[in-house]
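Start from the sequences, fold in the hints, and give me the full structure.
Just so we're aligned, residue 321 is where the sequence shown starts under my numbering, counting upward by one.
Since the hints were made in silico from the structure, they are not lab data.
Each hint should be verified, as a subset may be incorrect.
Quick list of simulated restraints, FRET-style, between CB atoms [what the hints assert, rightly or not]:
id, residue 1, residue 2, range
1, Leu353, Ile389, 18 to 26 Å
2, Gln367, Gly394, 41 to 49 Å
3, Lys374, Asp328, 37 to 45 Å
4, Met321, Val370, 35 to 43 Å
5, Pro327, Lys392, 34 to 42 Å
6, Ala352, Pro381, 29 to 37 Å
7, Met337, Gln367, 31 to 39 Å
8, Ala369, Gln324, 16 to 24 Å
9, Ile329, Phe386, 34 to 42 Å
10, Gly340, Trp373, 38 to 46 Å
Below, a list of computed lysine to aspartate or glutamate pairs in the DMTMM-like style, where the Cα atoms sit at most 20 Å apart [what the hints assert, rightly or not]:
id, residue 1, residue 2
11, Lys392, Asp351
12, Lys392, Glu359
13, Lys392, Asp362
14, Lys392, Glu358
15, Lys391, Asp362
16, Lys391, Glu359
17, Lys391, Glu358
18, Lys374, Asp362
Just so you know, even glycine gets a beta-carbon here, dropped at the ideal spot from N, CA and C.
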Amino acid sequence: MAYQFPPDIRELVGEQMASGQYRSEDEVLRDALRALSEEAQDLAAVQVAVAEWKAGDEGMPLDQAFEAIRKKHGVS
321 MAYQFPPDIR
331 ELVGEQMASG
341 QYRSEDEVLR
351 DALRALSEEA
361 QDLAAVQVAV
371 AEWKAGDEGM
381 PLDQAFEAIR
391 KKHGVS
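Here you go:
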């Protein structure tokens with residue numbers, strides 16, 4: 321698929337492809353959109369947690385929170 325990017329975005333996409341990590345603009349865009357979606361989900365989760373905290377929810381112990389983060393991101 322052909323895309324019409326502004327020069328700054330074209331440069332960023334080109335840099336990603338030049339790194340060898342991506343073979344096409346489609347791969348760069350797919351990965352970027354996936355990351356954007358994950359970021360939006362993380363932000364929504366933080367917003368919910370802040371709202372619950374402000375409402376008086378005690379939350380969870382810090383070690384339990386870190387374990388949940390490690391599990392989500394596949395880190396031991």
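Okay, the hints, checked on the actual structure:
1. Leu353 <-> Ile389: 18 to 26 Å: With a Cβ separation near 23 Å, Leu353 and Ile389 satisfy 18 to 26 Å, so the hint holds.
2. Gln367 <-> Gly394: 41 to 49 Å: Hint violated: Cβ distance 24 Å, outside 41 to 49 Å.
3. Lys374 <-> Asp328: 37 to 45 Å: 38 Å, holds
4. Met321 <-> Val370: 35 to 43 Å: Given about 39 Å between the Cβ atoms, the range holds.
5. Pro327 <-> Lys392: 34 to 42 Å: 36 Å, holds
6. Ala352 <-> Pro381: 29 to 37 Å: 35 Å, holds
7. Met337 <-> Gln367: 31 to 39 Å: The hinted range 31 to 39 Å holds for Met337 and Gln367, with Cβ atoms some 34 Å apart.
8. Ala369 <-> Gln324: 16 to 24 Å: Given a distance of about 39 Å, which is not inside 16 to 24 Å, the answer is violated.
9. Ile329 <-> Phe386: 34 to 42 Å: 36 Å, holds
10. Gly340 <-> Trp373: 38 to 46 Å: 43 Å, holds
11. Lys392 <-> Asp351: Distance ~18 Å between Lys392 and Asp351 Cα, so the pair holds.
12. Lys392 <-> Glu359: Cα-Cα ~13 Å, so holds.
13. Lys392 <-> Asp362: Satisfied, since the Cα-Cα distance of roughly 11 Å is no more than 20 Å.
14. Lys392 <-> Glu358: 11 Å, holds
15. Lys391 <-> Asp362: 14 Å, holds
16. Lys391 <-> Glu359: At roughly 17 Å apart (the allowed maximum being 20 Å), Glu359 and Lys391 satisfy the hint.
17. Lys391 <-> Glu358: 15 Å, holds
18. Lys374 <-> Asp362: With a Cα-Cα distance of about 18 Å, the restraint between Lys374 and Asp362 holds, given a limit of 20 Å.
Checked against the numbered hints above, the structure violates hints 2 and 8; every other hint is satisfied.
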